[in-house]
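Please construct the entire structure, taking both the sequences and the accompanying hints into account.
Reminder that position 9 of the sequence shown reads as 32 in my numbering, one-by-one numbering, no gaps.
No lab work stands behind these hints, which were simulated from the structure alone. Yeah, the Cβ is synthetic: ideal placement off N, Cα and C, and Gly gets one too. Some hints could be false.
[What the hints assert, rightly or not] What follows is a set of in silico ranges between Cβ atoms, one per label pair, in the way DEER data are often shown:
hint: 1; residue 1: R76; residue 2: V41; range: 47 to 53 Å
hint: 2; residue 1: K25; residue 2: G46; range: 27 to 33 Å
hint: 3; residue 1: K29; residue 2: K67; range: 36 to 42 Å
hint: 4; residue 1: L47; residue 2: E73; range: 33 to 39 Å
hint: 5; residue 1: I66; residue 2: L36; range: 48 to 54 Å
hint: 6; residue 1: R76; residue 2: Y42; range: 27 to 33 Å
hint: 7; residue 1: R38; residue 2: Y60; range: 28 to 34 Å
hint: 8; residue 1: V41; residue 2: A80; range: 53 to 59 Å
hint: 9; residue 1: R58; residue 2: L78; range: 50 to 56 Å
hint: 10; residue 1: T43; residue 2: R76; range: 44 to 50 Å
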Amino acid sequence: MKKQAKNLLMDKLHRGVVYTCIGLTLYGSYMLGQRFYRYFTVIKPARLAEEQRMLEAGAGPGPLVSADSAPTLKT
Numbered sequence: 024m025k026k027q028a029k030n031l032l033m034d035k036l037h038r039g040v041v042y043t044c045i046g047l048t049l050y051g052s053y054m055l056g057q058r059f060y061r062y063f064t065v066i067k068p069a070r071l072a073e074e075q076r077m078l079e080a081g082a083g084p085g086p087l088v089s090a091d092s093a094p095t096l097k098t
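Structural data, given as C-alpha cells:
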C-alpha cells in the first residue's frame, strides 16, 4: 500500500470517528435537555403538589432515619 493511500484511508477512518463523536455529543445533549425539561415541568411540580397535599392533611415530614442502631449512648 502506498503511503498516500494509507494516509487517505486513515483520514477517512478518523473523519468517521470524529463525526460519530459529534453525533453522540449532540444526541446526548438532546437527551439531557429532555430530562431537565421533564424534571422542571412534570416531576418537580408533582412532587411539590404531593408535599402540599400532605401538609394540608396534617402529616409532617417523615421521621429522620439514623444510621446509628444503638438504642442509647454509652459513655
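(message) Are any of the numbered hints broken by this structure? If so, which, sorted upward?
(response) Going through the list in order, the structure violates hints 3, 5, 6, 9 and respects the others.
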